[in-house]
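Peer 1: Here is how the chains run, residue by residue.
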Amino acid sequence: MNRLFMILACIGLPLSIIGSIFHWSAVIMFGIYCLTIIALAGFIGRATESLAIVLGPRIGGLLNATFGNAVELIISIFSLKAGLVSIVLASLTGSVLGNLLLVGGLSFFIGGLKYKRQSFSKHEAQHNAGLLIFSVVVAFVIPEVFTTTMNDQDTMFLSVGISIILILLYLAALLFKFVTHRGVYQSNNKQKENHEEEVPEWSKLKAIIILALSTIAVAYVSEHLVSTFNEVGETFGWSELFIGVIIVAIVGNAAEHASAVMMAYKNKMDVAVEIVVGSTLQVAMFVLPILVLLSLLFTTSMPLVFTWPELISMVTAVLLMIMLSNDGDSNWFDGLALLAAYIIMGLGFYFI
Amino acid sequence: MNRLFMILACIGLPLSIIGSIFHWSAVIMFGIYCLTIIALAGFIGRATESLAIVLGPRIGGLLNATFGNAVELIISIFSLKAGLVSIVLASLTGSVLGNLLLVGGLSFFIGGLKYKRQSFSKHEAQHNAGLLIFSVVVAFVIPEVFTTTMNDQDTMFLSVGISIILILLYLAALLFKFVTHRGVYQSNNKQKENHEEEVPEWSKLKAIIILALSTIAVAYVSEHLVSTFNEVGETFGWSELFIGVIIVAIVGNAAEHASAVMMAYKNKMDVAVEIVVGSTLQVAMFVLPILVLLSLLFTTSMPLVFTWPELISMVTAVLLMIMLSNDGDSNWFDGLALLAAYIIMGLGFYFI
Amino acid sequence: MNRLFMILACIGLPLSIIGSIFHWSAVIMFGIYCLTIIALAGFIGRATESLAIVLGPRIGGLLNATFGNAVELIISIFSLKAGLVSIVLASLTGSVLGNLLLVGGLSFFIGGLKYKRQSFSKHEAQHNAGLLIFSVVVAFVIPEVFTTTMNDQDTMFLSVGISIILILLYLAALLFKFVTHRGVYQSNNKQKENHEEEVPEWSKLKAIIILALSTIAVAYVSEHLVSTFNEVGETFGWSELFIGVIIVAIVGNAAEHASAVMMAYKNKMDVAVEIVVGSTLQVAMFVLPILVLLSLLFTTSMPLVFTWPELISMVTAVLLMIMLSNDGDSNWFDGLALLAAYIIMGLGFYFI
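Chains as they are written, first to last, in this note's numbering: chain A, 1 to 352; chain B, 353 to 704; chain C, 705 to 1056.
Watch out, some of these pointers could steer you wrong.
To be verified - Using 30 Å as the maximum straight-line C-alpha spacing, the simulated DSS-like pairs for lysine-lysine come out as follows:
#, chain 1, residue 1, chain 2, residue 2
1, A, Lys122, B, Lys474
2, A, Lys204, A, Lys122
3, B, Lys468, B, Lys620
4, A, Lys116, B, Lys620
Calculated directly from the structure, the hints in this document are not laboratory data.
Using the sequences and the hints given, assemble the complete structure.
Peer 2: As structure tokens, this is what we get:
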């Protein structure tokens, strides 16, 4: 896996530069950019994990929270700069759907093929359920319904206000998890188990250098990726919504996807669920509101208002995930149901 | 009960034939047809149960899944043939509402009058909750929201795609329940208890003959029943929606209704809940998608798109049922709340 | 606390009368009226509690159910008389949101600052969750969706029908709680604990006199309060919706708010949750339907149809509260999430 990412990055990065200089066809470049980003995201993920172990759980948690979705943040910033507000919202929708349904589904399904029943922390699942409802069902639904008759200025005021609240509550959730209630809901066995595993892959310095270089490279490739969307969409007959929700979301999250499924296969369901839901919450409560605030610096500002299909997809995905995971128990069928929901929504975004 | 059905069938069937030959008034014939179908459905139910016991739980489960809602399937096919797409969707809505709220409510209420607290499998309830959310909240809501701006052809493509996924997931759910995870979530006591009861009422041959004859008779009566809808609606001032949601749904499910309530009265809540929710899932994940696919053979094809009142009624009914049953515990008040919800929706469909 | 209410009432009541005679500015009078009502509501609350203890839990429960939201009922009746239907619906929305999110949030937050984990009856929480879904998600959502194409007369018929069902089910819920299932879901320890505390603050006669006098005084002040809405709204640039949802709701519930938070601070979470959710259910299942029925006596009748922002706010607030409280366990973060949701909705109603 890691070797594959190494090769992909070493081939993809030069090709990305050469191709963009010689103006290769957008479709080919789109493919090269996507694969390169997937590989680079793998490095960012590994560097962040190493650093998180070295720096201890508190700062590590914060680091994960910030860099965990760095790729998406970077792609989105370049999209915002290009004025592609609707693609940003679509790709964040896709990130939520992809994490909950595709990655969650694959983790439950593949883990479930090996183990008859897999269990994870019920308390953690219920805590996460509350946050998912807060962010998707409250913070995303309210502006949608309230802004139908609002002018653009008030819509942005409301969006900014909600974004600030989302970020503050996200920081409070980190405080709750890593400081005030660290281990409160965990059994003693679990805590020991976790301690044994924490051996960093890379040294502190190496991790920082790799993190910095990969992030710069992702930024470079992302900027070029965004410029191919238009032509690729026309070539394949894909709408902006489909590119954003399905393609960009898969590319931006591929590395995380792989590690969640691997954890499920090793029966470490607590980690798998943490990646799946934690990453969703990061996108909804941190990446998205940061982008809303950043968009004020660009010519086109981005309100916190999704299209109805995007919003309803996220709400139903959240409800399904909560219903299937609330009992702290998963099996192959739970996974299949999540995957089936992803396919249904994918079909919807394709035909729309 | 069984004797009553016997008498009803023996009187109703000849009257149905005589009446349709001599062109009796539509309102009278509507009454005769309804009572005859209720009686015949009772025979189909008993024959299916006998066969299910003889053929073992796996094939029996499949049989129940196919014939359990045979009456509704047959009525719906004749309605589709007559181009009454909206009545089919309405009657399936009514079937979902009737099962969850009316039958579920009566079972909880009447069982609860006799027993202070009744309990059933919490795991089963949560598994069912996931399927209800999947089918009603994901698979029905998504096409509703996505097709508002779609042309008819894309709407049908999306409907067919979702229907196929629903059927496949339904088959997977049967595989999960009867093969890979049979008994995994059950306590040992329960399994023994179940074994004792399984004595078929009729022999294999007798059951097959009764099943075949009743099904043919239901088909005959259903075809004529459908032709009376128009006149009956005008006479009583009932909308198509009201006939479909309330009347047809009660007729098509009467036999199941009776047996669920009887099981609750005997404190066999696991069986009662299985009938109530199992039948709902059958309609949503098997009967309805089959009808969408079959409709392609007729002149008017049926998309998976309900009216908003139908959809919202189903979604709220599902949420209420999940909330009341998720703790694996029922009482008379839970039943009353479900019945009150049914009356509220009935009023809504009457006034609409 | 009690002394503060005493002083407030003794100053506020004379000022209310003097001010209204000498036509002081509406904004000043609005402030005086609000503070006076808050103080008087405190007396009503204490008198009701004393009476409830003297008269025993059954009649006491009924009494609490009737007088618990007396202030809101009185303000609403005067608003209805003045034809301010939309302010009544808004203030009831605000009452639901204020109870669930503001009071619930403050209770969980402040209690959670003192205690790491606070727990309350899981069974009670799940019973309440069913009632919240029934009233807000079924009984309020159904008329909203069904009446979009309905004429005014049918809308009122449907509203009256649903209101009657709500009241009947509310009475049934009291019967269930205080008669047929009293103590069924409670542990023995709890029952003892409760018995010890029940010492009334005031004698029966004193409580009745205070209750009567305070109620008359609230009625007087409320009538004048309603007449200031128009001018206050213009002065501060507040919409009718904002005045109703945020201002009136806080004033009408301030006394209850204080006692819920105090209970949480004393780690009596069962009582705090009972006040928060019990009061919400009272408003939704008793006060509101009574007002719909009473409105038939006035010139402008009030249908059970909220604006979409009001409805969606209530639905999402209910879902969030259920998700956070369903595990029978609260902490400071749960409280903060509820408060954050309240602020988001408050922003929405301010900008709308």
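Peer 1: The structure should be examined with respect to each hint, and the outcome stated for every one.
Peer 2: Hints and how they fare:
Only pairs whose Cα atoms come within 30 Å are accepted, and Lys122 of chain A paired with Lys474 of chain B is accepted, the gap being roughly 15 Å. Only pairs whose Cα atoms come within 30 Å are accepted, and Lys204 of chain A paired with Lys122 of chain A is rejected, the gap being roughly 34 Å. Of the pairs offered as hints, the one joining Lys468 of chain B and Lys620 of chain B holds, with about 14 Å between alpha carbons and a cut-off of 30 Å not exceeded. A distance of roughly 28 Å separates the Cα atoms of Lys116 of chain A and Lys620 of chain B; the hinted pair therefore holds under the 30 Å criterion.
Checked against the numbered hints above, the structure breaks only hint 2 and satisfies the rest.
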